[in-house]
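Participant: Start from the sequences and build out the full structure, keeping to the hints where you can.
Heads up: the protein sequence lines correspond to chains A and B, in order.
Per the numbering used here, residue 1 is the first one in the first sequence, and the count goes up by one each step.
Per the numbering used here, residue 1001 is the first one in the second sequence, and the count goes up by one each step.
Don't read these hints as lab results, they were simulated from the structure.
Where a beta carbon is used, it is the ideal one built from N, C-alpha and C, also for glycine.
Certain hints may be false.
What the hints assert, rightly or not - Think about it this way: if two alpha-carbon atoms lie no more than 25 Å apart in a straight line, the pair counts; the simulated DSS-like pairs of lysine-lysine are:
1) 167(A) / 244(A)
2) 233(A) / 244(A)
3) 1046(B) / 12(A)
4) 199(A) / 244(A)
5) 12(A) / 1093(B)
Stated by the list, open to error - Chain A side only, calculated, beta carbon under 8 Å to chain B, not exhaustive:
6) 27
7) 33
8) 39
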Amino acid sequence: MQRLINILLIFKEYVVLALLLIVSLILLSLNDNNQIRAIRSYTVGFIGVMQDALSIIPNVFELKRENEVLRQLNVNLSNEANLLREARLENIKLRAMLGLKEHSTHSFIAGDVVGKSLLLLRNTITLNIGEQDSVRIDMPIISEAGLVGKVIATSVHYCTGQLMFNKDFRASAKIQRSRVDGIISWDGGEFLKLKSVAKTQDVREGDVVITSEYSNVFPRDIRIGIVAKISEKTGSLFRDIDVKPSVDLSSLEQVFVVTMMRDTERTLLEKKITPTK
Amino acid sequence: MISRAIKYVIFTVILVILQTKLMRLLSLEGITPDILTIWIVYIALKEGQLPATIWGFCVGLFFDFVTGNFIGLAALTKTVCGFTAGYFYNENKTTSMLSSYRFLIVVLVVSFIHNTAYFIIYTRGTDIGILQAVLQFGLATTFYTTTWSLLPMFAFARKYLS
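Facilitator: Below is the structure:
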C-alpha cells in the first residue's frame, strides 16, 4: 500500500492531470449540443469497429445455449404465427365489412447488440447496423419481447439506440385492456413510469402496456411491459404507475430496427397549432 | 501560501470578467486574444506544473460556468494548458523566464496546444474541418494571444530587471 502511495506521489502530476481530464470529459459529455452529438457519432463508429473486431471470437457454450433457446422460440413463434395468420384474415374481413383503413406495416432490420452502456442515467446500446442498412435517427428498436428504444445516432455501419431506461426517453402508451392513455418515461428507478394517468381512470396491476397510435415515432400496439405497482400520491390528480418492461435489457443480444420514419406532414401540422412561448 | 491563493482567485475573477466582457471588443475577424492562457502560463512559470494544472482546471471551469457555453471544454483545454506550461518551470529562472522573450515562446507553444484542442472540439458538428479549425482559428488565436503577452512580459521586465 505504502509502495503504491509512493508511486502515486512520484507521478502525482500525471495522476492529477488524469483525474482533472476525466472530470472535464464527464462535464463535456453532459452537454447536449451539435459538437457533442458529432463526437458521439465518431465514438459510436470507433467503438463499433472495435467491438465488432472482438466479437469474432466465438463462445461455443453460449452459442449452444442460444441455439436451444432459438429452437424453442421458433416453435412457439410458428404456433403463434399460425394463430395470427388466422386472426389477420379475420381482421381483414371484419375491417372490410366496417370500411376501416388498414394499419400500415413496416419492415425490420435485424441487428446485433455490440455495445451497451447500462450504468448511467442515459443508457444506450450500440448496434452493428447503420446508415448503409437504411437505419435512420428516430427509428424504433424492438425485440421479440417488445419495445427496446429508438435510434439516436448513426454512422455508416453502426447506430446508437436510446433505451427505455434513459432519462430522455418518452413514448405515448396505453393500457391494452382499458385503452387508457399515458406517457412512458423513466425516473432513474427500477421500473418505467406511466405518467399522466388520472386517478379516475381504469388501470389495474398486471395490465399490459402497449405503444399508442398517438406516437409519431413508434408503431402502435408494440408491447412495452406490464403494470407492476400503482400508488396514489395525496395532492396529485394523477396516479403513480410503475411498469415492468417486457424486454430484459441486461441480456439483450439481437434486436430489430423498424423502418418507420416520423410523419413530417403530421409533425408540421401539430407544430403549427401548438402554442409557442 | 493562502494569501497567494486568494490573490490568484481575485486575479482569476477579474481576468475572466475581462475575457468575457472586454476582450470581445478587441477581436479581429472574430479572433479574440485569450488572456486566461497567458495567466495560466504565468502561474505555471511561477508555481510549477502541479499547481498550474489544478489552476488551469479551476480557471477553465469558472470560465465555462460564467459563459454557460459548452461546460467542460475550457476546463479540459486549460488543464492541458497548465500541464504543458508546467514543463517550462524552473525554480531558479522564474524571473528571467517571465521578463524575456522566453515567456513569449512558452505562451506561443502552450497557446497553440490549447487552441488546437479547443477549436478541434468546438468546431465538430459544423462544416469547418479539422485542418481549417487548427490553421484558421487555432493559429490566428495563438499569434494574437502571443502578441498580447508582450504586455505582461514588458511589465515583468520593468519589475525584475530595473
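Participant: Mind checking the alpha carbons of residue 1046(B) and residue 12(A) for me, to see if they're no more than 25 Å apart?
Facilitator: 19 Å, holds
Participant: Does residue 244(A) sit within 25 Å of residue 233(A), going by the straight-line distance between their CA atoms?
Facilitator: Answer holds: residue 233(A) to residue 244(A) is near 20 Å, not above 25 Å.
Participant: Hint residue 27(A) vs chain B: min CB-CB distance below 8 Å?
Facilitator: Given a least distance of 3 Å, the restraint on residue 27(A) holds.
Participant: With a cut-off of 25 Å on the C-alpha distance, tell me whether residue 199(A) and residue 244(A) pass.
Facilitator: 20 Å, holds
Participant: Do the alpha carbons of residue 167(A) and residue 244(A) lie within 25 Å of each other, as the hint requires?
Facilitator: Holds - the C-alpha atoms of residue 244(A) and residue 167(A) are around 16 Å apart, at most 25 Å.
Participant: Holds or violated: residue 12(A) with residue 1093(B), Cα cutoff 25 Å?
Facilitator: Measuring from Cα to Cα gives roughly 23 Å; hence the hint holds.
Participant: Hint residue 39(A) vs chain B: min CB-CB distance below 8 Å?
Facilitator: 5 Å, holds
Participant: Should the interface hint for residue 33(A) be scored as holding, given a Cβ-Cβ cut-off of 8 Å against chain B?
Facilitator: Holds: closest Cβ of chain B sits about 7 Å from residue 33(A), inside 8 Å.
Every hint, counting from the list given before, is met by this structure.
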